[in-house]
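Visitor: Construct the entire structure; sequences and hints are all you get.
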Amino acid sequence: MNISIYQIILGLIAFVFIVNGSFKFFKRAQGQTFFKFAVTIVIWASIFAFAIFPNISHMISEKIGLGENLNTLIFIGFVVIFLILFKMLSIIERAERNISEIVRKEALSKLEKK
Amino acid sequence: MRQSSLLRYNFNMEDKDTNKKIFAIIPAYNESRVIQDVLREIRASGFTSIIVVDDGSMDETYQKAGEIEGVVALKHFINRGKGAAVKTGIEAAKLLDADIAVTLDGDGQHNPHDIPKMIAFIEQGFDVVLGTRLKNPEGMPKYKILANHMGNFFTFLIYGLWVTDSQSGFRAYSKKAIGLIDTKTDRYEYDSEVIREISRNKLKFMEIPIEVRYTEYSMNKKDKMNFKNGLKTLIKMIISA
Numbered sequence: 220m221n222i223s224i225y226q227i228i229l230g231l232i233a234f235v236f237i238v239n240g241s242f243k244f245f246k247r248a249q250g251q252t253f254f255k256f257a258v259t260i261v262i263w264a265s266i267f268a269f270a271i272f273p274n275i276s277h278m279i280s281e282k283i284g285l286g287e288n289l290n291t292l293i294f295i296g297f298v299v300i301f302l303i304l305f306k307m308l309s310i311i312e313r314a315e316r317n318i319s320e321i322v323r324k325e326a327l328s329k330l331e332k333k
Numbered sequence: 314m315r316q317s318s319l320l321r322y323n324f325n326m327e328d329k330d331t332n333k334k335i336f337a338i339i340p341a342y343n344e345s346r347v348i349q350d351v352l353r354e355i356r357a358s359g360f361t362s363i364i365v366v367d368d369g370s371m372d373e374t375y376q377k378a379g380e381i382e383g384v385v386a387l388k389h390f391i392n393r394g395k396g397a398a399v400k401t402g403i404e405a406a407k408l409l410d411a412d413i414a415v416t417l418d419g420d421g422q423h424n425p426h427d428i429p430k431m432i433a434f435i436e437q438g439f440d441v442v443l444g445t446r447l448k449n450p451e452g453m454p455k456y457k458i459l460a461n462h463m464g465n466f467f468t469f470l471i472y473g474l475w476v477t478d479s480q481s482g483f484r485a486y487s488k489k490a491i492g493l494i495d496t497k498t499d500r501y502e503y504d505s506e507v508i509r510e511i512s513r514n515k516l517k518f519m520e521i522p523i524e525v526r527y528t529e530y531s532m533n534k535k536d537k538m539n540f541k542n543g544l545k546t547l548i549k550m551i552i553s554a
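Protein chains in written order, with our numbering: chain R, 220 to 333; chain Z, 314 to 554.
All clues given are correct.
Under the rule of at most 25 Å between Cα atoms (straight-line distance), these lysine-lysine pairs were calculated in the DSS-like manner:
id, chain 1, residue 1, chain 2, residue 2
1, Z, Lys407, R, Lys329
2, Z, Lys541, R, Lys255
3, R, Lys246, Z, Lys489
4, R, Lys255, Z, Lys545
5, R, Lys255, Z, Lys515
6, Z, Lys489, Z, Lys333
7, R, Lys324, Z, Lys497
8, Z, Lys497, R, Lys246
9, Z, Lys515, Z, Lys334
10, Z, Lys407, Z, Lys517
11, Z, Lys333, Z, Lys517
12, R, Lys324, Z, Lys488
13, Z, Lys497, R, Lys243
14, R, Lys246, Z, Lys517
15, R, Lys255, Z, Lys497
16, R, Lys243, Z, Lys515
17, R, Lys329, Z, Lys334
18, Z, Lys515, R, Lys246
19, Z, Lys497, Z, Lys515
20, Z, Lys488, R, Lys329
21, R, Lys324, Z, Lys407
22, R, Lys324, Z, Lys334
23, Z, Lys545, R, Lys306
24, Z, Lys497, R, Lys329
25, R, Lys306, Z, Lys497
26, Z, Lys488, Z, Lys334
27, Z, Lys489, R, Lys324
Between beta-carbon pairs, the in silico distance windows are:
id, chain 1, residue 1, chain 2, residue 2, range
28, Z, Lys545, R, Val298, 24 to 34 Å
29, Z, Met519, R, Lys246, 25 to 35 Å
30, Z, Lys430, R, Phe297, 46 to 56 Å
Treat the hints as calculated values from the structure; they're not laboratory data.
By construction, the Cβ of each residue, glycine as well, lies at the ideal position given by its N, Cα and C atoms.
Guide: This is the structure we're talking about:
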């Protein structure tokens, strides 16, 4: 099996992200959620698998009867959508938290003024 | 500055035996019909320092709570959820230098006569005392028992600590727990998040059976936990795990 430099680099990057995500999750780092962990593993494990074993995409495209180019396009599309969804959820979560903090500060300021 | 303004409050808030400052924290949303009765009952049980957090009610909950002697009434200007209201109450208790904080629901379903039992365990060295309905489920509707078991299962699965009533709002916290517990969620998932914080901070906890009074009023409330809210809570628990 011939492995090119780009496969090794991509595989290493994916591996680092998987280890880092797992470490944060199992250490119960602040802000690290099960959802973030699951998304990290799914995305980077897929990238790792496709980088090291590119034949997987050929096998899948043959099985479901799609052309190779289209298959790649769909894969990239999924990754992008997942990343956008993940980012949006994080933004909403942060915004909700900030709103609650503002409301809380305002409520507690009355306690200090009295 | 902060200290001097807080000193203006004159609470009768010390446990007579231990001189500890004990605060009852009550999140309330549209509870104007019952809030004064709930507060009077708590005061009659000997706990005269009460923090009520009105979570953006559209009725007169805030005004009615403030009329009762010894009550610190705080108001969220918009509704943020039960968890957010409890957290505001906990933050207020911190500002008032509380030694023990007890959280109860605002609809009167928790019996304040259970508070001394909880405080006794805190004084024995426990950090958190969780009131559990499932050790004494008499009068509890069957669907609530089932929903509770499901809540406990998912709390264990997501947060890794088994408790018999992960959704109970009747809890007591020591000063150490008040300082360490750091929650982020705003709604019903808050109760489960506290379980995660107990596990994360390795806090010493105890579960004790409590009496819950299911009245016509509490059962007919619009914003109570139901299947739809339960599903939402589960999704939020997964996201915030």
